[in-house]
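2 protein chains.
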Amino acid sequence: MNGAESLVHTLLGAGVEVCFANPGTSEMHFVAALDRIPGMRCVLGLQENVVTGMADGYFRMSGKPAATLLHCGPGLANGLANLHNARRARSGMVNCVGDQATYHRPLDAQLTADTEGWAHGVSAWVRTSARAADVARDAAVAVQAARTSPGGIATLILPSDTCWDEAPDGPAPALPVPPAPEADPLAIRNAARALRERSDVLILLGGLALRAEPQALAWRIAQATGAKVMAEMSNGRVERGRGRLALERVPYPVDLAVEALKPYTTIILVNAKAPVGFFAYPGKPSRHHREDADILPLTRYEADPVQALAALAAELGAPEAAIPDPGPRPEIARGAPTPEGLARTLAALMPDHAVVADESVSFGRGFFKETHAAPPHDWLQITGGAIGCGIPLATGAAVGAGGRRVVNLQADGSGMYTLQGLWTQAREKLPVTTVVLSNRQYAILLGEYRGVGANPGRTAMDMLDLGNPDLDWVKLANGMGVEAAKTATLEGCADLMRQSFAQDGPFLIELEI
Amino acid sequence: MNGAESLVHTLLGAGVEVCFANPGTSEMHFVAALDRIPGMRCVLGLQENVVTGMADGYFRMSGKPAATLLHCGPGLANGLANLHNARRARSGMVNCVGDQATYHRPLDAQLTADTEGWAHGVSAWVRTSARAADVARDAAVAVQAARTSPGGIATLILPSDTCWDEAPDGPAPALPVPPAPEADPLAIRNAARALRERSDVLILLGGLALRAEPQALAWRIAQATGAKVMAEMSNGRVERGRGRLALERVPYPVDLAVEALKPYTTIILVNAKAPVGFFAYPGKPSRHHREDADILPLTRYEADPVQALAALAAELGAPEAAIPDPGPRPEIARGAPTPEGLARTLAALMPDHAVVADESVSFGRGFFKETHAAPPHDWLQITGGAIGCGIPLATGAAVGAGGRRVVNLQADGSGMYTLQGLWTQAREKLPVTTVVLSNRQYAILLGEYRGVGANPGRTAMDMLDLGNPDLDWVKLANGMGVEAAKTATLEGCADLMRQSFAQDGPFLIELEI
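Those protein sequence lines, which keep their order, are chains Z and P.
Using our numbering, you'd call the opening residue of the first sequence number 1 and step up by one each time.
Using our numbering, you'd call the opening residue of the second sequence number 1 and step up by one each time.
Treat the hints as calculated values from the structure; they're not laboratory data.
A portion of the hints provided could be inaccurate.
Put simply, identical chains are the same to the list, so a pair is met inside one copy or across any two.
Taking lysine-lysine and the DSS-like style, the derived pairs with C-alpha atoms no more than 27 Å apart in a straight line are [stated by the list, open to error]:
#, residue 1, residue 2
1, Lys429, Lys475
2, Lys429, Lys369
3, Lys369, Lys64
4, Lys262, Lys369
5, Lys475, Lys486
6, Lys486, Lys284
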């Protein structure tokens, strides 16, 4: 057995079932091993940022780390932006990055690059295997790191000779995964005291606390104490819709965020951090809560929020509390697209247990409010601000969500970053409906530019406007084997959504806004 | 004047005329400064690897560094692969990377990343400006680094407050650029002695030594001494065609490279390094020259090869020597596409002083031999092996080459990495003819896979085959505003080339091979 075969056996033995891949020459022994050893589903992406974004989406929906297969330093580099988003979503995965043979690296051949250096900024764990005999054990540790709560990016760099040389010990057994830590009893008592004594407490949920069960516990606590509950601004996965809380997020614009947080002198953090601005702006605060607010961390991001919130509810003697009814399901909207109308149309039509992959950027900031009364669904956001996340995230989520329909709300400028992911949707016949919000500009930047205090002139517009020429998303999708259609009205969008939701496989709707 | 304005004035004053851009929020003050201060041509790319690849192509043709404008760490990360290629091509550019405000960075907001860490692996020079008053001086040093022979990647990271704060000293003057170093007289004498005493000497040219003038000097020396002249495997820019040497490159496959270098017991390196394999293979040598070969460096890559070769020719008393006639210009070929037929067709039709941007990968290895008798032209290769270089390189070369026709020979798998560059070609109406070599597979990898000793099974083909679904490059190009057509014959390709060469603007030919 060679090192590559020991790697594949070890990954399979540790429960890694899917490999998102864009291999190159130095990974051919790994590809050959995957070919010889049955059990791994291999999904090709045509650019590495698609590959890493798919692994992120897969983890968010399945809770299981996938492997990725990347080619040398530049292949890893191409995938860094979505690894950055995955790191912010606290997703787990095992990146297997091929590299020059150990004895070839000092010769500085063309593809030789700082593979380890690039990996560190996004990885919880990085190792370069030194010899074939180490690969299996290194892989077992990588999977352990990827599975450690809430999930971690493990990057295993494999010089090509560690793949083709003999691995005398064969595969390594899976290593135990440590349980998520429990909340500090003192943190629970502090939170309980604040909730008992104060009327202006915010319970801020993030990460794993945005699943249905911790939401229900937070609601019990809020009902018993008068506290409010809110979600962080950017979240990897929120369980929402009927039967879940009608949670609002901390707003993106500084002024709105400050306004939303002004009532609270106490913020209890549950797998969340104290709210800060996405960016700084001259003369505006970087921290968005009140300066005098007490910040009380109940749990860090790696903790089990169900255990912590249950303990807090018990400490408070908070009785069971029914999740409020969100009101009637919205009806589809008509006419020219508006954010509210599109959100209501989506809420009216989405299948039960749909998954929404949201990279709608500026157009989508109001989508949450209008979709509380939709059927139960999951909402995945861009978490690290590195645009080009939506299409790969939707693709990987479809692989990980066992046939559930995925709706990708996709800004056009961001979509162009990783449009190659559409091809994988066609190849794998994935149930993804992409709604491209086609405004032919970097709308968020035009807003920011005006915030700088000027109207854009010709040179600025040359960098902010995506018209001239207009992108034709129907042709782009068709060119990659994805059926597509264009519409400029919400009723047209509704018809196309119905059509897409009723059939298998991917479909793209270009919605001119 | 704010820091951003001091930056733009400094760049313009130092002769930077073009900015390839994909800005974000943290760069809005830079965009506003570019808008207010006339003089910079701003060219938008829809993904950062397009942006950095364009800057590479621009430098290769113009010899001048462009600025790039990139958004935070993830924006830089998206452009790293083509920065890696640019580094290997020894291209100069000034990357301006926006980042979080100095006081906001410690809060670890969503987009905060290891921007400096990612920059180091590809940059000759990296600096993060600490305050607005430093920006102009830092920018002047960055341009100096970018212009220092043969060219360097300078990365200037600009926290957003250094752009919006007041810069009391205004712009900084351009700094002097050190001249390219002259060759060591001892190296010249050593090379001359070897050339006088031995009959099996190879003069290996790389980098700046592949322009017409050093080629002619190398030819004089070869004619006087019986030495042979060859080019490195991967070259940023070779001046070729009628009036230039019919240079062959060191071959890519190990066995062919070893065979080609076997005759030489002495290799004189002119801006080149001793040949090593692109990758290592089990049981094959990493260095491709004879083990007993004497490696004599005449010049390092930063030196002036004209000075060095002229001194060597003088030392040898080598008389003037006419560049050999390459024979009659090839005629167009017909029928099913072959590498030789396509190369002859291109040689038959290319306009004088065309620029060829070659990312043909496996199909294109024989293109050189068939194009020696074409009119004078420049040939740009992928230099770092990071695929996805061709379309951006062609785009930037067209910006830098003053209206000359650029022909991009583009493998389909690699083209999909950065297809977004086609949109910039349409927007800027650039004279680029893209010939996509559509084989619907990662052909180079299929070859390498068979080298591993096996025929690919289903799982391997899932990662090596690009069919299912087939990419339609005509639709993809049309979707980005580029006119396009498909053909499966060389005469069809010739007709489309003629049509494209006769008109302004971009055109894409999908050649089914």
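These are the hints, each one checked on the structure:
1. Lys429 / Lys475: both (19 Å within a copy, 20 Å between copies)
2. Lys429 / Lys369: neither (32 Å within a copy, 44 Å between copies)
3. Lys369 / Lys64: Neither. Shortest intra-copy (30 Å) and inter-copy (52 Å) distances fail the 27 Å Cα cut-off.
4. Lys262 / Lys369: within (20 Å within a copy, 73 Å between copies)
5. Lys475 / Lys486: both (10 Å within a copy, 15 Å between copies)
6. Lys486 / Lys284: For Lys486 and Lys284, neither the intra-copy (41 Å) nor the inter-copy (55 Å) Cα distance is at most 27 Å.
This entry does not satisfy hints 2, 3, 6, going by the numbered hints stated previously.
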